[in-house]
Amino acid sequence: MSAPSSDRRTIVWFRRALRTDDNAALLQAMHDAQSVVPLLCVSDDPSYAVLSPRRRFLQNVIASLDASLRSAGTMLHVRTGDPVSVLPAAVRAYGAVAVYAVALSDPSSIERDARIERTLKSLGVAFVRVPDRVLRGPQDVLTGARTPFRVYTPYRNAWMSGVDEIAPPVPAPGRIAPVELAEGSFELDRLGWGTPERGGAKEAHARLRTFMSGAVGTYGSSRDFPGTDGTSRMSPYLSVGAISIRRLFHAAREAAADASGAARKGIDTFVNELVWREFYYQVLVHWPHAIRGPFRPEFADIPWSRDEGVFRRWKDGTTGFPIVDAAMRQLRDEGWMHNRARMIVASFLTKDLHLHWQWGEQYFFSQLTDADLASNNGGWQWTAGTGTDASPWFRIFNPVLQGKKFDPDGTYVRRFVPELSRLPAAAIHEPWRLNRQEQEAAGCVIGRQYPAPMVDHAEARAKTLMIYRVGDHGAAAHGRRRAALFS
DNA sequence: TGAAATGTTGGGGCG
DNA sequence: ACGCCCCAACATTTC
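Take the first sequence: its position 96, counting from 1, is numbered 104 in this note's numbering, and each next residue is one higher.
Keep in mind that the hints were calculated from the coordinates and are not lab data.
If you're wondering where the values come from, they're calculated on a predicted model, not measured in any experiment.
For every residue, glycine included, the Cβ atom is placed at its ideal position computed from N, Cα and C.
Check each hint, because a few of them may be wrong.
[What the hints assert, rightly or not] So the derived label-pair ranges between C-beta atoms look like this:
{"no.": "1", "residue 1": "Asp-90", "residue 2": "Leu-473", "range": "30 to 38 Å"}
{"no.": "2", "residue 1": "Thr-127", "residue 2": "Ile-299", "range": "35 to 43 Å"}
{"no.": "3", "residue 1": "Thr-127", "residue 2": "Arg-215", "range": "37 to 45 Å"}
{"no.": "4", "residue 1": "Pro-176", "residue 2": "Ser-429", "range": "46 to 54 Å"}
{"no.": "5", "residue 1": "Ser-268", "residue 2": "Arg-241", "range": "42 to 50 Å"}
Modelling step: build the complete structure from the supplied sequences, incorporating the hints.
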C-alpha cells in the first residue's frame, strides 16, 4: 500500500458494503489518500421506483449509511445512471486518481467490473476491489491438493483450522473530511425517499446484540420453529453489507467466550450457518455454471412442469397446505421467510408441484430482502438434490408432517393465514380433515374461505420419485442394485 | 436439514 | 404355564 497523501483524491463506490463500520474498501481508501468521496450510483430506470420490501429495505440502509457518514463529517454523493458510465464521469468531475469498492464475485459483476476497470484505466485511474464479503476467501480454503471442496463437512474442517487468520473488525472512522459536491452529484435527500423508518446498520447492531445475549443460546433447537423469533435475522443486513461479516463472527466468538456449555452449542450451530454461507460462496466462484443450472449435470433433463397457474398458486400462498401458504405469504408481506419454511416451500415447489427449482430460485431472489446469489442458489440446489453435497433427491418433505413437527400449535400459520386462525391446533395443518360442521364452527369452510389441497401429496411424491429416477445414473447404490439385477 | 415401507421385538390378552 | 395372536413401539431399509 502507498503512503497517505493529502493531494490524492479517491472515490469510494458504495455498493454491497453499505456501512462505515469495518468497511475494508473505505479503510483502504482512507489509508491511501486523505480525501475520499463516498459515492452512490442509483439506477435511473423508472421501474426502480417500485417499492418492493427489498427496495424499501435498501433505501433505509442507504439512508442510514448517509446518516453515519454525516456524523463523521461527510455525506453520500449521489449520481444516477449506469455505473459503467457514472464512474468515469465522477472521476473526471472530482479529479480522482482511484476508485475503491467492495470486490464482488458473481459473473455479471465480474464482467461489469472488467468494463469499468478498462474505462478507468484509460483515464489513468485505478479500480481497486477490496475483498470484504466473506471471512475466508475461496482461495484460502482448499484441499491438500489445492483444489476447492465440494462437500461441506471437510470444507468446514479446513475453514475452522484457519480461523485465526480472520481479521478483527475495525470501527468506523471517527472523522472523514468532506468534499464539495461536484457537477452531476447531489445529496441523498433529492431522491425523495422520505424519512427512513428502520433497517439500517444501527438496527442491525442492536439486533445482533440482543440475539447474542439471548436467543443464540438455544439457537440449535429454536431456529427450526418458524413461529418463534429464534434466528438472528442478520441475512438482510449481510446481503447488502449493512453489517460486516467479521462483526458478526466476532460477536459470536465473544458470546462463546463467556457462555455455558449448552449455550456454546447454540453459538457453534450459528457459526456453522455462517460457514455454509461461505461454502456456497466459494462453490459459485469455483463452479459458476451452477448459477445457470444444476451443479450435477445428470439432473439437467428432468421433465419439469411449466404450469404457470400452479406456479401462481405457490407464489400467492393458496396451495391449500397451511404451512406452505403461511410461508409464501410471509415472503410477500415481509420480504423474508424463516429458513425452515424456505426448505418446506422449496421441497413443495419441486417435489409436489414438479416445477423447476430455478423458477423458485428466481422468485425468491426477486422477493427476499436478503437475496444473495450464492446462498439462494445453494439452498435451491440443495433442496432439488442437484447441488454439491445436496440433500438426496428422494428426500421429500411432507408438508403436513413438517407443519406438525415445527409449528405444533399453529402459531406461524395463524399469523400469516388469518382464515385459518380459529382452527384447533390438532387440525390446523390438515383443515380438510374436519367435517363440515367443524369447519363452519372455525369460520373456515374448505373450498370457500380456504382452498382444498391442490395436490395429493402421496401421488405427487410417487411422481417425483419416478421423474428423478430417470436421470439418476450417478447414485452408487442404484448402480449396485442394477448390477445385481443382471448378475 | 425426511418420510414411507418393511422388519423386529416384546408385552398383554386370551384360550 | 404355555403358545398364539395382535399390535404398538422401535429399528432398518428403501426411495
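Going through the hints against the structure:
{"no.": "1", "hint": "Asp-90 / Leu-473: 30 to 38 Å", "verdict": "47 Å, violated"}
{"no.": "2", "hint": "Thr-127 / Ile-299: 35 to 43 Å", "verdict": "25 Å, violated"}
{"no.": "3", "hint": "Thr-127 / Arg-215: 37 to 45 Å", "verdict": "39 Å, holds"}
{"no.": "4", "hint": "Pro-176 / Ser-429: 46 to 54 Å", "verdict": "47 Å, holds"}
{"no.": "5", "hint": "Ser-268 / Arg-241: 42 to 50 Å", "verdict": "24 Å, violated"}
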